[in-house]
Structure formats: structure tokens, C-alpha cells
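**Student:** Chain by chain, the residues run as shown.
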Amino acid sequence: NAGVMQNPRHLVRRRGQEARLRCSPVKGHSHVYWYRQLPEEGLKFMVYLQKENIIDESGMPKERFSAEFPKEGPSILRIQQVVRGDSAAYFCASSPRSGQGSTGELFFGEGSRLTVL
Amino acid sequence: AQSVTQPDIHITVSEGASLELRCNYSYGATPYLFWYVQSPGQGLQLLLKYFSGDTLVQGIKGFEAEFKRSQSSFNLRKPSVHWSDAAEYFCAVYNFNKFYFGSGTKLNVKP
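From first to last, the protein sequence lines are chains A and B. Just so you know, the first sequence maps onto residues 62 to 178 in this note's numbering. Just so you know, the second sequence maps onto residues 12 to 122 in this note's numbering.
Keep in mind the hints are simulated off the structure, nothing from the lab. Take the hints with a grain of salt, since some may be wrong.
[Stated by the list, open to error] Beta-carbon label-pair distances, calculated as ranges: (1) A:PRO122 <-> B:PRO51: 33 to 39 Å; (2) A:VAL144 <-> B:ASN106: 27 to 33 Å; (3) B:LYS79 <-> A:VAL144: 27 to 33 Å; (4) B:LYS109 <-> A:GLU133: 25 to 31 Å; (5) A:ILE116 <-> B:GLY64: 38 to 44 Å; (6) B:THR66 <-> A:VAL144: 43 to 49 Å.
[Said to hold, decoys possible] Listed next, the in silico DSS-like pairs over lysine-lysine satisfying Cα-Cα at most 25 Å (straight line): (7) B:LYS79 <-> B:LYS121; (8) A:LYS112 <-> A:LYS132; (9) A:LYS88 <-> B:LYS60; (10) A:LYS112 <-> B:LYS72; (11) A:LYS88 <-> B:LYS117; (12) B:LYS121 <-> B:LYS109; (13) B:LYS109 <-> A:LYS132; (14) B:LYS117 <-> B:LYS60.
Note that the Cβ used here is the ideal one computed from N, Cα and C, for glycine as well.
Given only the sequences and the hints, what does the whole structure look like? Please build it.
**Tutor:** In C-alpha cells form, the structure reads like this:
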């Protein structure tokens with residue numbers, strides 16, 4: 062009975078390197094959300110994806126950040142040329158459906174904590 | 012624009028005391044409302060949710076919340092707090108594919 066699985070749980074990168082964070086949603090869920098949590102701050106929406114589609118990326122920084130949710134495999138949040146300000150916890154959440162008729166409930170992973178040296 | 016406000020950043024209560032965490036939202040219609048709890052180093056766990064109907068909803072771990080349309084509030088309550096309730100609590104609003112989270116309230120429980 063696997064929930065949302067995120068890996069790695071902890072990732073250390075040096076400035077300028079790339080970070081890849083993976084998220085496997087709950088089995089059968091086709092909606093994935095990524096959130097960023099900075100110390101002493103709440104969750105900030107980054108992107109909402111369905112299989113093979115980006116639905117809403119209004120919370121994603123315009124540069125260096127990208128996300129995908131391919132037909133097969135986990136969702137990936139990719140951060141290129143990381144900077145110290147990217148250090149944060151990144152949470153993935155999944156939902157079975159969205160829009161009208163949805164329960165709206167999110168199932169969260171335990172997060173990936175990125176540290177940029 | 013939709014927003015969720017949790018005015019209390021930190022709250023400390025004694026074990027056994029009652030608890031109320033405040034949440035106000037800004038949204039035109041009646042939204043879907045949620046409370047999540049986050050233990051240190053963990054993801055978020057759903058405590059309870061409100062969609063419609065009875066404005067007092069019961070959740071897990073003895074928590075309840077009351078939706079008050081006139082005040083645009085959805086406050087979380089617990090009659091008697093346990094030390095294991097120490098965590099961070101997030102109120103959230105769901106509207107058409109997007110969740111809006113408050114900035115969270117950290118609960119500290121004194122023995």
C-alpha cells in the first residue's frame with residue numbers, strides 16, 4: 062500500500078550543479094503537484110501536472126526549473142545550475158482526479174530536502 | 012486572488028489544555044477546506060476536510076474544525092492536547108486544480 066514516494070530524501074549539490082527530484086504518485090493517481098517549503102515558510106505551489114501534460118506552472122521560476130510527468134515513470138522536478146537560494150524541502154503530492162467532482166484531497170510524500178553548498 | 016491566512020505563527024499550550032488554531036481564507040464561493048499536519052522531517056497528513064453540509068467536521072486524532080461562512084474562517088480545535096500533537100499545522104483551500112496553503116502554525120506542547 063505505497064503512498065507517494067519521493068527520492069532522494071536528501072540531496073546535496075554544489076552551486077552550478079543539477080538537481081533531479083523524483084516523485085512516484087499513489088498508484089492510480091494521475092495528478093501530481095510540486096510544492097517548495099522554505100525554512101519558516103509555508104508551502105508554495107510550483108507546478109501541477111497530469112500524465113504528459115503541464116497543467117499549471119504558474120509557481121515555477123521562469124529559469125532553471127522544469128518539471129515533467131511522463132506516461133511511464135515518476136514525475137521529475139529538475140533544477141539546473143542550482144544556487145544557494147534553491148535550498149529547501151520539495152514536496153510532491155498526488156491526487157486521483159481534479160476539477161469538478163474531485164474530493165480535492167492531496168496525498169503527500171515525505172519530501173526531498175535539497176542543500177546547496 | 013485566493014489566499015489563506017493563519018495569523019498565529021507559533022502557539023504554545025500545556026498538555027491537556029484546549030487548542031484552537033485560526034484560519035481565514037479569501038475566496039468568492041465556498042471552497043473546499045482542509046487542515047493538514049506536518050511532523051518534523053515528514054510530509055503532510057490530512058487531518059480533516061470540509062466540502063459542504065454540516066459546518067462542524069470531525070477529523071483524525073480528536074481534531075475538529077468549524078466552517079463559518081460569515082467570517083470566512085475554518086478554525087481547528089481540539090479539546091485536550093497531547094504532547095504528540097506538537098507539529099506544524101497548515102490550513103488549505105482547494106479551487107479548480109490548485110491548492111492554496113497558509114503559512115502554517117507551529118504548535119508547541121508544554122508538559
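**Student:** Taking the hints in turn, state whether each one holds.
**Tutor:** Hints, one by one, checked against the model:
1. PRO122 (chain A) and PRO51 (chain B) have their C-beta atoms about 27 Å apart, which leaves the hinted 33 to 39 Å range violated.
2. For the pair VAL144 (chain A) and ASN106 (chain B), the supplied restraint of 27 to 33 Å holds, since their beta-carbon distance comes to about 32 Å.
3. In this structure the supplied range 27 to 33 Å is violated for LYS79 (chain B) paired with VAL144 (chain A), their Cβ-Cβ distance being about 43 Å.
4. At about 26 Å, the beta-carbon gap between LYS109 (chain B) and GLU133 (chain A) stays in the expected band of 25 to 31 Å.
5. Our hint of 38 to 44 Å for ILE116 (chain A) and GLY64 (chain B) is violated, since their Cβ atoms are close to 29 Å apart.
6. For the hinted restraint 43 to 49 Å between THR66 (chain B) and VAL144 (chain A), the CB-CB distance of approximately 46 Å keeps it satisfied.
7. A threshold of 25 Å between alpha carbons decides the hint, and for LYS79 (chain B) with LYS121 (chain B) the separation of about 30 Å lies outside it, so the pair is violated.
8. Under the criterion of a C-alpha separation no larger than 25 Å, the hint pairing LYS112 (chain A) with LYS132 (chain A) is consistent with the structure, at around 6 Å.
9. Taking the CA atoms of LYS88 (chain A) and LYS60 (chain B), the gap is near 22 Å; set against the 25 Å cutoff, the hint holds.
10. Restraint check: the Cα-Cα separation between LYS112 (chain A) and LYS72 (chain B) comes to about 34 Å, which exceeds 25 Å; the hinted pair is violated.
11. Using a Cα cut-off of 25 Å, the hinted pair LYS88 (chain A) and LYS117 (chain B) is violated, with the two alpha carbons roughly 32 Å apart.
12. The suggested pairing of LYS121 (chain B) with LYS109 (chain B) is violated, with an alpha-carbon distance near 36 Å, which exceeds 25 Å.
13. A threshold of 25 Å between alpha carbons decides the hint, and for LYS109 (chain B) with LYS132 (chain A) the separation of about 22 Å falls inside it, so the pair holds.
14. Between LYS117 (chain B) and LYS60 (chain B), the direct Cα distance comes to roughly 20 Å. Compliance with the 25 Å bound is thereby established for this hinted pair.
Violated hints for the displayed structure, listed by number in ascending order: 1, 3, 5, 7, 10, 11 and 12.
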